[in-house]
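Visitor: Spelled out from the first residue to the last, the chains are:
Protein chains: 2
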Amino acid sequence: MKTIPLILMGCGGVGRQLLQHIASCRSLHFKQGLHLRVVGVCDSRSLVVAADFLNKELDDSFLSELCRVKLGGSSLAKLADLGECQVFVHPESQGKLLEIASHLGKSTGLVFVDCSASSDTIVVLKQVVDLGSCIVLANKKPLTSTMEDFEKLFTHPRRIRHESTVGAGLPVIASLNRIISSGDPVHRIVGSLSGTLGFVMSELEDGKPLSQVVRAAKSLGYTEPDPRDDLGGMDVARKALILARILGQQINLNDLKIESLYPEEMGSSVMTVDDFLGRGLLLLDKDVQKRVEKASSNGNVLRYVCVIEGSRCEVGIQELPKNSALGRLRGSDNVLEIYTRCYSEQPLVIQGAGAGNDTTAAGVLADIIDIQDLFP
Amino acid sequence: MKTIPLILMGCGGVGRQLLQHIASCRSLHFKQGLHLRVVGVCDSRSLVVAADFLNKELDDSFLSELCRVKLGGSSLAKLADLGECQVFVHPESQGKLLEIASHLGKSTGLVFVDCSASSDTIVVLKQVVDLGSCIVLANKKPLTSTMEDFEKLFTHPRRIRHESTVGAGLPVIASLNRIISSGDPVHRIVGSLSGTLGFVMSELEDGKPLSQVVRAAKSLGYTEPDPRDDLGGMDVARKALILARILGQQINLNDLKIESLYPEEMGSSVMTVDDFLGRGLLLLDKDVQKRVEKASSNGNVLRYVCVIEGSRCEVGIQELPKNSALGRLRGSDNVLEIYTRCYSEQPLVIQGAGAGNDTTAAGVLADIIDIQDLFP
Chain A
439 MKTIPLILMG CGGVGRQLLQ HIASCRSLHF KQGLHLRVVG VCDSRSLVVA ADFLNKELDD
499 SFLSELCRVK LGGSSLAKLA DLGECQVFVH PESQGKLLEI ASHLGKSTGL VFVDCSASSD
559 TIVVLKQVVD LGSCIVLANK KPLTSTMEDF EKLFTHPRRI RHESTVGAGL PVIASLNRII
619 SSGDPVHRIV GSLSGTLGFV MSELEDGKPL SQVVRAAKSL GYTEPDPRDD LGGMDVARKA
679 LILARILGQQ INLNDLKIES LYPEEMGSSV MTVDDFLGRG LLLLDKDVQK RVEKASSNGN
739 VLRYVCVIEG SRCEVGIQEL PKNSALGRLR GSDNVLEIYT RCYSEQPLVI QGAGAGNDTT
799 AAGVLADIID IQDLFP
Chain B
439 MKTIPLILMG CGGVGRQLLQ HIASCRSLHF KQGLHLRVVG VCDSRSLVVA ADFLNKELDD
499 SFLSELCRVK LGGSSLAKLA DLGECQVFVH PESQGKLLEI ASHLGKSTGL VFVDCSASSD
559 TIVVLKQVVD LGSCIVLANK KPLTSTMEDF EKLFTHPRRI RHESTVGAGL PVIASLNRII
619 SSGDPVHRIV GSLSGTLGFV MSELEDGKPL SQVVRAAKSL GYTEPDPRDD LGGMDVARKA
679 LILARILGQQ INLNDLKIES LYPEEMGSSV MTVDDFLGRG LLLLDKDVQK RVEKASSNGN
739 VLRYVCVIEG SRCEVGIQEL PKNSALGRLR GSDNVLEIYT RCYSEQPLVI QGAGAGNDTT
799 AAGVLADIID IQDLFP
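From first to last, the protein sequence lines stand for chains A and B.
For the first sequence, the numbering used here gives the first residue as 439, with consecutive numbering after it.
For the second sequence, the numbering used here gives the first residue as 439, with consecutive numbering after it.
Only chain A is shown next, with the shape it has when bound in the complex (with noise of 0.2 Å):
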């Protein structure tokens, strides 16, 4: 039996639906020779750690009462009653991680699963890289941050996977990898990295207005709270810098061209969210359609993409062919198409939902998985 010692760091909706998933996996996991330890999880207060973590772990139950603590909006300290686990807060939980990495990173082995959104992982992640551990992330912000930290973090490039920071679980990453390990030279990239920003692209054909289109998505749970946090484009950016960095452009957040659909006039520091989508929007809604009619005479679509090319990064509007992958696309499926020597005039296409909880943890599971032959 192999055993993978792991840390979760983050205990949202991605973070618990993973804790489920691997409860739900115990039996097909220990079909192919292998255990899942989960030996502290944390949060940006807390880590509940296995008192005796070089032995013992936190065990489906206890799992599962931390996972309800959580949903309640309760502290991980409440589990210090439970017995069995030991719970620190910050900074001693920084502390207690390393101290944990360097007792496993190199002897058992250890994954750091980043399942938060925030940049607070990055000290930590960077210093557990060096004691020997594993990072899986579905956390963006650590692969976004200076191209310094992008590189320590792939100091051993086999001790880290990342599927679920770009199309959730969909197989982006894993693809690309694949393409680039065979020697495969990537020419092109086009993405629609986000659901939202699919579906009101693609609504807007139709003729409707942005300002129509935008509430609809709002009320069928499709937007942020404040649409602009989708709006202004800088959750594909963050997608497109890692597929960009990954291809090898030495770039950072602030290189990328980043096209928002509301001008800044009409940002979060002026407009109100309900002052936003009652008047704002509407001021949008004429020069929008005149893009969407120039695109439709002369037969294209208009789609909020990543483009990646040679040394260009750039993520907002594009004209592309109603006939393409990406100009066929409806409603809320991501849609990456990559462009390569061996796919060159028809690309590399893979679509479908590139959000969600579940898909997201089920990315991260799989990367676990996948970097099991580095475990004794």
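It should be emphasised that the hints constitute simulated quantities derived from the structure, not laboratory data.
Please read all numbers here as calculations on a predicted model, not as lab measurements.
Hints should not be assumed to be uniformly reliable.
Because identical chains cannot be distinguished in the list, a pair is counted as satisfied if it fits within a single copy or across any two copies.
Below, simulated DSSO-like cross-link-like pairs (lysine-lysine); rule was C-alpha separation at most 27 Å, straight line [claimed, not checked]:
#	residue 1	residue 2
1	LYS544	LYS590
2	LYS516	LYS494
3	LYS544	LYS440
4	LYS564	LYS469
5	LYS544	LYS469
6	LYS534	LYS516
7	LYS469	LYS590
8	LYS590	LYS695
9	LYS646	LYS760
10	LYS534	LYS578
Place chain B on chain A using the hints.
Guide: Structure of chain B alone, referenced to chain A:
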């Protein structure tokens, strides 16, 4: 530096392309701390091995000469004059392969890379599994033989890779394995896995008769020399069987329902190729046209696909919605739709060129790089 010793079986188009890819990726792989050491190459008759195979390899200039010899239609035996290599002919070659595997399999590790299209490799492959060797396949035959053979080859599931057995280099198997290992249950796979049949079925939509479309496909070089080798569906059936077995179906090739696009009385033992193309196909036009029209009246199109669902695995013509990924397919791309818990309403779609020596060999090379963690 990590070294991966390998033996190439089959030096037809795919095998020769693989040797070229390996040579042109030398510096890329060197940067990653990897060295691919080609210890031997065999075809159906002969085996060429580095004379001192424990320490030496067949270098790139030797392998380039080997490709030239094979392309010219000569025997590998011709290479004996070049020195530093030994040539063995069948059946001595088999014994030599086992000798190499028993020396290298459990010490340095060894990969048998089967790029042939023959069933003759199965006996050796099953034996080297027990000697600790890894296996990478582009050849479908070893995985579509008996269940006993299949299970033997999967004795150590981490030591076998076979991406290029389905959809050439398209990341089909890698993606499916990720889905399975994350516990996301696969409900249904529908795929157009023949470039020829994908082209034929999409051309029929425009009202063109089957006879004309098949002749066009042949003149475009999309078909085998005898197009019945494509139209019979056996190649698609082998791919379907591999997918079904990965999903846990314990079935054999003759358990599959396979629809042939031509009747038995037009088989190759009854009719010449020219007769079939000139006369036979014309007799099929009317029936096919009727089916196309019926589908169209339902808002659907016809596609030649594999369907794998529950304990069902079949291959043939299906009516599919015009606006699905499969329905929108034009040309010779492969398309796979995977329905799972995570991808339940909209499937995960993988699309792209599913044939060609370049992409097939690229898939094989990515597989080899993917198992590097198993090597010391």
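Visitor: Does each hint hold? Answer for all of them.
Guide: Hint check results:
1. For the identical chains of this complex, LYS544 and LYS590 are intra-copy neighbours only, at 18 Å inside a copy versus 34 Å across copies, given an alpha-carbon limit of 27 Å.
2. Only within a single protomer do LYS516 and LYS494 lie at most 27 Å apart by alpha-carbon distance; the minimum there is 20 Å, versus 62 Å between protomers.
3. With identical chains, the CA atoms of LYS544 and LYS440 are at most 27 Å apart both within one copy (15 Å) and between copies (19 Å).
4. Within a single copy, LYS564 and LYS469 get their C-alpha atoms only as close as 34 Å, which misses the 27 Å cut-off; across copies the closest is 22 Å, which meets it.
5. Taking identical chains as interchangeable, the C-alpha atoms of LYS544 and LYS469 lie at most 27 Å apart whether they share a chain (26 Å) or sit on different chains (24 Å).
6. For the homomeric pair LYS534 and LYS516, the shortest alpha-carbon distance inside one copy (18 Å) is at most 27 Å, but the shortest distance between copies (65 Å) is not.
7. Within a single copy, LYS469 and LYS590 get their C-alpha atoms only as close as 35 Å, which misses the 27 Å cut-off; across copies the closest is 17 Å, which meets it.
8. Proximity of LYS590 to LYS695 under the C-alpha cut-off of 27 Å is restricted to the intra-copy arrangement: shortest distance 25 Å within a copy versus 53 Å between copies.
9. Taking the closest pair of Cα atoms, LYS646 and LYS760 come within 27 Å of each other both inside a single copy (18 Å) and across two copies (24 Å).
10. Taking the shortest Cα distances, LYS534 and LYS578 sit within 27 Å of each other inside one copy (24 Å), while across copies they are farther apart (51 Å).
The structure is consistent with each of the numbered hints, conforming to all of them.
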